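A.B. asks: Dock chains B, C and D with the ligands against the given chain A, drawing on the hints supplied.
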Amino acid sequence: MSKLSGAYYEIDHMNMVATRDQWVNKIHPLVKLVVTVFYIAVVVSLSKYNLSGILLMGAYPIVMFMLGEVSFKDSIRRLRIILPLVCVVGIFNPFFDRQVVFNVGSISVTSGVISMVTLMIKGILTVLASYLLIATTTIEKICYALRQLHIPAVLVTQILLTYRYISVLLKEANTIMQAYLLRAPNQKGVQFKVWGPLVGQLLLRSIDRANAVYESMMLRGYRGEFHYSNMEHCSGKDYLFLVAWIVVLLAIKYLPVFMYFNS
Amino acid sequence: MHMADALVAPAVAGTMYAASAIAAGYSIKKVHLEADPKKVPVMGVMGAFVFAAQMINFTIPGTGSSGHLCGGMLLTALLGPYAAFLTMIGVLLIQCLMFADGGLLALGCNVWNMAFYGCFLGYFLVWRPMMKKTTSRGKIIAASIIGSVVTLQLGAFSVSIETLFSGITDLPFSVFAGTMQPIHLAIGLVEGLITAAVLVFVYEARPEMLYRANVAGKREKFSFKKTLGVLAVVMLLIGGGLSLFASSHPDGLEWSIERITGSTELDAAKKSVYNTAESVQETTALLPDYQFKGSESGLGTSFSGIIGSCVVLVVCAGVCYIISTTRKKKSA
Amino acid sequence: MSHIHIDMEHVNFSYEKNKKILDDITFTARERDCIGLIGANGVGKSTLLKLLVGLESGYEGSIRVEEIPVSSEMLPKIREKIGYVFQDSDSQLFMNNVYEDIAFAPRNYGLPEEEVVRCVEHAMQMTEIGHLREKSIYKLSGGEKKLVSIATILAMTPDIILMDEPTIALDPRNRRNLIHILNQFDHLKIIASHDLDMVMDTCSRVILMSDGKIVKDGDVMEILKDRELLEKNGLELPLGLQERKPQQ
Amino acid sequence: MSHIHIDMEHVNFSYEKNKKILDDITFTARERDCIGLIGANGVGKSTLLKLLVGLESGYEGSIRVEEIPVSSEMLPKIREKIGYVFQDSDSQLFMNNVYEDIAFAPRNYGLPEEEVVRCVEHAMQMTEIGHLREKSIYKLSGGEKKLVSIATILAMTPDIILMDEPTIALDPRNRRNLIHILNQFDHLKIIASHDLDMVMDTCSRVILMSDGKIVKDGDVMEILKDRELLEKNGLELPLGLQERKPQQ
Ligand SMILES: Nc1ncnc2c1ncn2[C@@H]1O[C@H](COP(=O)(O)OP(=O)(O)OP(=O)(O)O)[C@@H](O)[C@H]1O
Ligand SMILES: Nc1ncnc2c1ncn2[C@@H]1O[C@H](COP(=O)(O)OP(=O)(O)OP(=O)(O)O)[C@@H](O)[C@H]1O
Ligand SMILES: [Mg+2]
Ligand SMILES: [Mg+2]
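Protein chains in written order, with UniProt numbering: chain A, 1 to 263; chain B, 1 to 332; chain C, 1 to 248; chain D, 1 to 248.
Careful, some of the hints might be misleading.
As the list claims (entries may be wrong) - Below, simulated DSBU-like cross-link-like pairs (lysine-lysine); rule was C-alpha separation at most 35 Å, straight line:
hint, chain 1, residue 1, chain 2, residue 2
1, A, K141, A, K171
2, D, K20, C, K139
3, C, K139, C, K19
4, C, K139, B, K132
5, A, K141, B, K329
6, D, K17, D, K213
7, D, K17, B, K329
8, C, K232, D, K135
9, D, K77, C, K225
10, A, K188, D, K77
11, D, K232, A, K73
12, D, K139, C, K81
13, D, K19, D, K225
14, D, K232, C, K77
15, D, K216, D, K50
16, C, K216, C, K17
To be verified - Stretch by stretch, here's where chain C covers chain A in the computed footprint (C-beta under 8 Å, at least three residues):
hint, region
17, 163 to 169
18, 212 to 218
None of these hints come from the bench; they were simulated from the model.
Quick caveat: nothing in here was measured; it's all calculated off a predicted structure.
Positions of the beta carbon are idealized from the N, C-alpha and C atoms, including for glycine.
Just chain A, same shape as in the assembly (with noise of 0.2 Å):
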């Protein structure tokens, strides 16, 4: 339940957030979402033994959360799910690779720790990347983005649906779970023999919905795809970012100044 709850108020505010009137909320979309996910393939494409590089990479997520105004706090709970998998994955690699990098102090460095600690921060900077990118625009505008793409509508608009019911249905399935735990206050889950009926019902009402949702649609003439209302298209503010990045984001990967850390 606490778990349902959580989800329906993460959703809220991701939306709050991304709804805010900051600069950043106001690039275009799809130049947004083509600098995430560039940003995310260069950082993974790095060598497991580049921890400057790495390390460099961070600049991105600083000046957006710095001059994004985006509360860093936020994003810090995202992590929760990744970082437990990507120690799990990294952990072992000290003990497989023992090759001594260098030394610091009576301490040496072996390459496992650096491919270690170089995993567990790309996966910190492709999680505050992908934060990013959702604080500050909305699944509508990444929608927007995609058809843009040219991904077909059918898939579009479905993603969102998807979207728009997922609060009701939370709110939907905590009510069930709320009346569920009133009735059976000692429960902490739902207990076994419930389970088809609970979910069930739950299931057969969405799908009541989805028909009345669709009749309803219909009814206000929907024809197969939606209107986005008031998008613009890129201006020069968008392709100044989407190229800036682009070249600073190369820069860090090739430029022999930046080699210089490297060597």
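C.D. replies: The following block gives chains B, C and D with the ligands in isolation, referenced to the frame of chain A:
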């Protein structure tokens, strides 16, 4: 179970994106929207349903722990493979954006691991053959459990393979897979049970909602407990064997890798995989420097380099701080 | 009189084979009619309204809306003319926030954006929900949802309004306001409700149902004042017509 | 008098940071009280009831039910004593059919099966839904659902009943029957409703809310007869007390 961005190399991500995109394109062609325009909103709401149902904790009898629903098998039984697959894409995309579960780059992998197997294999290998002649409670339960376990095993195996191909961890493949498979066996069983419970409810309440199920001759009695018992034994046998195979006979896995890559040694197999990956990357837009353990250029890191990077970051943060404070002063 | 807008002839309908929900329903409704559809719980009022907009299919008999038979091919045409308020407003609202939801229909009918804005503003002003403009749908209280779903219909400027329990969850002021709105709208309206006082204040004609059949179809005051008839069919006199015995 | 069952002191609550929904709510309710909670749409009635059973948390101030503070650890204990009817009955029912749903709570409290049967039969008989016994939940009409959800509560034989808009969707006869049931139940009950006539017929005390605050807390007739007070807070006189101007 969700792959994270940090665990996939761009080449692997790209490959899986391509594979998933093909499956999606094919599905869009096959859902026959013209015939049934209601499908889109139904898919949307069902996606949201899966999302909400995943947040419900199910207490597992006899243990203190709880399980969750995953959705692929459930959706495929209700919507058919194509619509279910498209629905799962939406769910996975939103999960990765809103909850950092998965990642944008790894989306292709996740769609493949969780949606493709669950929806397509779950339907064509399990649901359709089993429901072809008649549908009954027992068959639904069996199909749900077998479908969930099998597709989850495949998904988990894909995760191991993708991690291997990405060259992220030094953990031997056999160990990685050897832990993934048994864990997902348990998860699959629970998920199968939940899916079964829900589908049986639907079968009793509105049988016509099950996709392509033959519900004409419904009404036969049968014992839930008995079926469950038989199934449990079967699953334990299959699952136990599989896990044993995975964990105590790593050579077995090496053998299968060898068969796949046609190389005799796992390391060599790994290398050849990387080489292919590298050549794929060279032809794609992004040209990452892919370095493997032992290759000279790989250790492009020194203590001074790390310090230098930190200094740059601090300077960067400082500049941003100045910019944002002066901006605030101006607006104040 | 004016031309016939809705025409049902010998309509039978059932959800399950063995149980008839609607049983030989016949009636016509004309352009300026305002019809109250009343009857006990479960007599089939919602079902009847759903058939009119094609939300349920598989009926026997003939249903025509503006001379067009209600069948799956003709539904898009019929639905353009009808504004339908669901009993359950949760299923009716599907956009992100109140404004977007109300603007959905006008946008879909291809109105230019200024026209859309005008429609939406007008609908919001009539239902007095201007302050909810930016609010997410799922954060509305029960009554607020109802008001928004009424506004979405008003923004469509339909020829026919069908309402299923419109006063449910409304506070007395909003209820009064709805009555006012309904009285201003001078096309055909059919209102299914248990709020007999509201029916008395808005409708000129009442159809009384019992057990899937039309028991009586006639003038509003004639039926609503007939205590015996009402009580035989599981209803009561409107509260406004009851004599109060002081409590306690 | 009798001992205090519910005690709220200086309770503040908000869903979102900037907007208070409940603002310094203080009241106590005793064993045999029957309290009507009234106020315009969106003033926070449902929210107040939800806080009492712990459906929303994170309030400021103190809420005690039978001397137990409402906090997540104590919820199971508190919930055993309270029967709560949701505003939206759709999501309240979750079992296969009507009988199973009503039997759910008594079974959970570990009653022997004959006792369960007795409870369920009694609850069904009180709400007159015996004919729906075997019916699946999702096949019920709006009013039938409401009746079933009321029956599920009655089968729990709770010490306290909280009801959010119980008369919504009920036809006049079932509404009258509910009033009768409520009047028979002689423990504490709190009823949030816009149906002021029902409040007048069941409650001895009224709490009038406006904008998250308690504006007035007092005798039912005193408040419900005060036209000016009601109108200032978005309400109206109960229909039974209004003078009717004959229509048309
Ligand atoms: N999907 C369904 N399948 C089977 N029976 C149904 C279904 N929906 C409704 N019914 C039954 O059909 C009858 C009429 O339902 P309907 O919703 O039309 O009643 P109503 O007059 O609107 O009642 P209320 O005033 O309570 O809303 C009820 O007895 C109900 O149980
Ligand atoms: N989940 C939520 N998030 C934010 N605001 C909410 C949420 N739920 C309700 N609200 C707001 O809180 C206020 C009080 O809501 P509540 O449901 O308590 O009203 P109410 O008095 O029961 O109204 P009604 O008579 O219409 O049912 C409303 O303005 C509503 O918009
Ligand atoms: Mg109805
Ligand atoms: Mg309320």
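A.B. asks: If a hint holds in the structure, say so; if it does not, say that too.
C.D. replies: Now the hints, each set against the structure:
1. A:K141 x A:K171: 24 Å, holds
2. D:K20 x C:K139: 14 Å, holds
3. C:K139 x C:K19: Violated, at about 39 Å.
4. C:K139 x B:K132: 45 Å, violated
5. A:K141 x B:K329: At roughly 31 Å apart (the allowed maximum being 35 Å), K329 of chain B and K141 of chain A satisfy the hint.
6. D:K17 x D:K213: 18 Å, holds
7. D:K17 x B:K329: With Cα atoms ~25 Å apart, K17 of chain D and K329 of chain B stay inside 35 Å; holds.
8. C:K232 x D:K135: 25 Å, holds
9. D:K77 x C:K225: Given that 35 Å is the threshold and the Cα spacing comes to 50 Å, the pair is violated.
10. A:K188 x D:K77: 14 Å, holds
11. D:K232 x A:K73: At roughly 44 Å apart (the allowed maximum being 35 Å), K73 of chain A and K232 of chain D break the hint.
12. D:K139 x C:K81: Given that 35 Å is the threshold and the Cα spacing comes to 29 Å, the pair holds.
13. D:K19 x D:K225: 32 Å, holds
14. D:K232 x C:K77: 45 Å, violated
15. D:K216 x D:K50: Judged against 35 Å, a Cα distance of about 21 Å means the pair holds.
16. C:K216 x C:K17: Satisfied, since the Cα-Cα distance of roughly 27 Å is no more than 35 Å.
17. 163 to 169: Three-residue rule met by the region 163 to 169 of chain A, so holds; n is 4.
18. 212 to 218: Three-residue rule met by the region 212 to 218 of chain A, so holds; n is 6.
Hint violations for this structure: numbers 3, 4, 9, 11, 14, all remaining hints satisfied.
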